[in-house]
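A.B. asks: Chain by chain, the residues:
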Amino acid sequence: MQENDPLTAKPQESEPIQEPIEEALPQVAQPAQETEPVQEVKPAQETEQEREALSREEVLLRARAENAHGDERQRSQMQWGNYAGFIATEFACIVIMFVYIFTGREFSPELFCILFTGISAQNIVQACINKGKKTKTVFIVCAALITACTLMYWVFWILGLCGIRP
Amino acid sequence: MDDKLILHNRLKEVRAEKGLSQGDLAGMVGVSRNTISSVETGKYCPTAKLALILCIALNKKFEEIFYF
Chain A
1 MQENDPLTAK PQESEPIQEP IEEALPQVAQ PAQETEPVQE VKPAQETEQE
51 REALSREEVL LRARAENAHG DERQRSQMQW GNYAGFIATE FACIVIMFVY
101 IFTGREFSPE LFCILFTGIS AQNIVQACIN KGKKTKTVFI VCAALITACT
151 LMYWVFWILG LCGIRP
Chain B
1001 MDDKLILHNR LKEVRAEKGL SQGDLAGMVG VSRNTISSVE TGKYCPTAKL
1051 ALILCIALNK KFEEIFYF
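Going down the list, the sequences are from chains A and B.
No gaps in the numbering here: position 20 of the first sequence is 20 in our numbering, and each next residue is one more.
Just add 1000 to the spot in the second sequence (first one is 1) and you have our numbering.
This is chain B alone, in the form it adopts within the complex (with noise of 0.2 Å):
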């Protein structure tokens, strides 16, 4: 009962493969960079548009950054 589905992610490498800062992605995306931070240690789960709008800015296929 307890076996929740979290969504993990691998947002921290897929950015610094890229050379990214967290500042940088906060700035393409348009979001603060608490909310990347937030994302990449797993303290907010975004929603489907901006998990897509982070796929899309890092030209990564969905299941590419996101998993269970």
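The following block holds chain A by itself, in its conformation from the complex (with noise of 0.2 Å):
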């Protein structure tokens, strides 16, 4: 081709070295993207077949089903609820351990018996009810503690009314 053509061998020269390479790379390509497709293809046509298989009914059949036990929007008002009760008897105990600290005002046992206990459930409900991995620990863990701290206050006050103290 080159011998033929000698007036024009300047574009030529540089087109044949270009064309190969362009062509190449295609061809090195093509197997690869058309072999990945066909395997992820067919799970993604099944998963939509099984979508379109859901009709009216069998959808309406399983909202209802799912939203059995309070739906989201009463969810989320609990879970807020449930919040707002935990901010309270913390913040109480806070505030009864702070003028305990700084007044030294004796408080009676029964008062720190139910704070304690309040405390104590509000930190097994959250643990409960939590479903993110970290805070369901700190709940789990704050719960075993508060609990055991409450189960111990409430042996040594009924200790302490049997006259028995330790």
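It should be emphasised that the hints constitute simulated quantities derived from the structure, not laboratory data.
Bear in mind that the values here come from a model prediction, so they are computed numbers and not experimental data.
Even glycine gets a Cβ: it sits at the ideal position worked out from N, Cα and C.
Heads up, some of the hints might be wrong.
Said to hold, decoys possible - SDA-like cross-link-like pairs, simulated, lysine to any residue; straight-line CA separation at most 20 Å: (1) K1043/B x S55/A; (2) K1061/B x E57/A; (3) K1060/B x L54/A; (4) K1060/B x W80/A; (5) K1049/B x S76/A; (6) K1061/B x L60/A; (7) K1004/B x C1055/B; (8) K1018/B x E57/A; (9) K1049/B x K133/A; (10) K1049/B x S55/A; (11) K1043/B x Q74/A; (12) K1049/B x I114/A; (13) K1049/B x V59/A; (14) K1061/B x R56/A.
Stated by the list, open to error - Derived list of chain A stretches under chain B, where covered just means 3 residues or more per stretch with a C-beta under 8 Å from a C-beta of chain B: (15) 54-64; (16) 72-84.
Unchecked claim - Residues from chain B shown here face chain A by an in silico Cβ test under 8 Å; the list is partial: (17) L1020; (18) G1023; (19) T1035; (20) C1055.
Assemble the dimeric complex from its two separately framed chains, guided by the hints.
C.D. replies: Below, the structure written as structure tokens:
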């Protein structure tokens, strides 16, 4: 080809070098592109078929079953209520602790028993409800510690009532 | 900065077209009547899941009920 066209040698010299590379690249890339989608398309088609298979009645039936124990709005309201209760109990405990530390005022042991039991219950509830892994573990640890402290406090208080002071 | 995108809906109109009460729609979807009322009045913005279920229940496209 180069020998037959001496006048147009320059443009032809550059073109044949580029063409084989350009042609060769897609040839290498094509088999890889063809094989991968063939493997991935099948599950995607299956899932689409499954989605299409869900009829209107089936969707509504499943939705009713899911919302049998309260819909999403009610659940979020309950969650906020739980958080509010938790914060209120913790806040009450902190206030009483501060009053106890700074003023030296003595509170009745019954009040502490009720307060600690409340905090313990709140922590247990939060540990059960919470879905986040980190917060769940934090609540579980807090619940375990506070429940242990509460039980100890109850035991000491009952022993004190009986006249036994360990 | 205060111009937030608020998802409005025509749920009340569409429900009335179909001749359904709030209780009927709530029963179909499995939510409380208060939830339907809250969605209609805009007090509660439903999740994508509930919004789509409402669309399916009313045989409407998403954009026919919900808009900005």
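A.B. asks: Below or equal to 20 Å on CA atoms is what counts here, so check K1061/B against R56/A.
C.D. replies: holds, 13 Å
A.B. asks: Taking 8 Å as the limit, does the beta-carbon of G1023/B come near enough to a beta-carbon in chain A?
C.D. replies: Violated, because the Cβ-Cβ distance from G1023/B to chain A comes to roughly 14 Å (cut-off 8 Å).
A.B. asks: Measuring from the C-beta of T1035/B to each C-beta in chain A, is the shortest one below 8 Å?
C.D. replies: Given a least distance of 5 Å, the restraint on T1035/B holds.
A.B. asks: Within a Cα-Cα threshold of 20 Å, do K1060/B and L54/A meet the stated pairing?
C.D. replies: holds, 16 Å
A.B. asks: Does K1043/B pair with S55/A here, judged by a C-alpha cut-off of 20 Å?
C.D. replies: violated, 30 Å
A.B. asks: Taking 8 Å as the C-beta cutoff, is the stated coverage of the region 54-64 of chain A by chain B satisfied by three or more residues?
C.D. replies: holds (count 5)
A.B. asks: With a cut-off of 20 Å on the C-alpha distance, tell me whether K1049/B and K133/A pass.
C.D. replies: Violated, because 24 Å separates the two Cα atoms, which is more than 20 Å.
A.B. asks: Does the structure keep K1018/B and E57/A at a Cα separation of 20 Å or less?
C.D. replies: OK: K1018/B and E57/A at ~17 Å, within 20 Å.
A.B. asks: Would the hint linking K1061/B and L60/A be met if the CA-CA limit is 20 Å?
C.D. replies: With a Cα-Cα distance of about 16 Å, the restraint between K1061/B and L60/A holds, given a limit of 20 Å.
A.B. asks: Given the hinted pair K1060/B and W80/A, is their Cα-Cα distance within 20 Å?
C.D. replies: With Cα atoms ~33 Å apart, K1060/B and W80/A exceed 20 Å; violated.
A.B. asks: Counting residues of the region 72-84 of chain A whose CB is closer than 8 Å to a CB in chain B, do you get three or more?
C.D. replies: holds (count 3)
A.B. asks: K1049/B and S76/A were given as a pair; does the straight-line alpha-carbon distance stay at or below 20 Å?
C.D. replies: Cα-Cα ~15 Å, so holds.
The earlier numbered hints that this structure contradicts are 1, 4, 7, 9, 12, 17, 18 and 20.
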